[in-house]
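Q: Sequence:
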Amino acid sequence: MTTPTTTTPAKMRAVLYDACGGGAPSLKHVEVPVPSAKKNEVLLKLQAATVNPLDWKIQRGDLRPLLPRRLPFIPVTDVAGVVVDVGPGVNGLTAGDQVVAKLNSLNGGGLAEYAVASANLTVKRPAQVSAAEGAGLPIAAGTALEALRSIGAKFDGTGKPLNVLITAASGGVGLYAVQLAKLANLHVTATCGARNMDLVKSLGADEVMDYRTPEGATLRSPSGRKYDGVVHCAVGVSWSSFRPLLSDAGRVIDITPNFSAILTYVLHRVTFSKKRLVPQLLLSLNKADLEFLVGLLEEDKLKTVIDSRFPLSDAGKAWQSSIDGHATGKIVVEMES
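By full-length UniProt numbering, the letter at position 235 of the sequence shown is numbered 235, and the numbering carries on one by one without gaps.
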């Protein structure tokens, strides 16, 4: 094991919950031992983390008995920081490296001053990319990337010029999806609230609709295009609303599927339907994808839109902001000194 470049304290500040339910008021500020890096792991001194809806849904108990694996639980997985120690078997990362990482969902750990990350989901962060920008990527940009690939988007210049609809385009996933879709040379129709229409247009959307208007509620492309794919980031829209808007083999990738969506997916599979609803249940992010996304930030081809920043001491406010559901972009918690 390498020798850390700075002395690592025995204890650290962290935010955890010890029971499911309770929302932001049940988060507790504690001092706990600093974890240690085991085989194929790195110990990070965290600089920033981002709260995703998945985090508070786990706290609410939506994924029981799978998550959290044990209580008390330090939540959040999307982080950026500095490597302070590496475990056996780690190559390509050394103490002092600035990085972006996705922590293991079973163990969490992001709302703390230090965290252990798998080396396989930790990538170097160039100086041009801030900790807050990098921490926004893993779940949100990874989900957008996976959804677009499921539709048929390619990022090497070989893809077809598809038409895509992105709902709730001003949210954490939606804003990345708009930008990534344009990098794949897709025609983008997007829905969002009126106050965010200019932002979504500035990120490349070809057509933007206010979802609160009668026109926006129909989800129909203003130019009359049929959608080859939908990245569905909103809730409360049925399959029957999408079906007439799709091309012959159009797909709706639902990133927040309910039980009805899963049943619809099964029906489409067994009936060999060309038009399909596809629930995106689990993110299969890998190191190459994370490196790709960080590289796009470095090259200024992708932007992390930050809604708000909170110190670790105000993590509860960040948590509540995510639960409230009105954020434009990412909610960042910064680990102040």
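Any given hint might turn out to be false.
Pair ranges (Cβ atoms, derived) [to be verified]:
1) LYS11 / GLY92: 36 to 44 Å
2) ALA217 / SER308: 38 to 46 Å
3) PRO25 / SER308: 41 to 49 Å
4) SER308 / SER36: 14 to 22 Å
5) ALA217 / ARG70: 23 to 31 Å
6) SER238 / THR94: 46 to 54 Å
7) ARG69 / VAL266: 22 to 30 Å
8) PHE259 / GLU215: 28 to 36 Å
9) SER284 / GLY157: 40 to 48 Å
Rather than coming from a laboratory, the hints here were simulated on the basis of the structure.
Heads up, the beta-carbon is just placed ideally off N, CA and C, and yes, glycines get one too.
Q: Of the hints stated earlier, which fail here?
A: Those not satisfied are hints 1, 2, 3, 4, 5 and 9.
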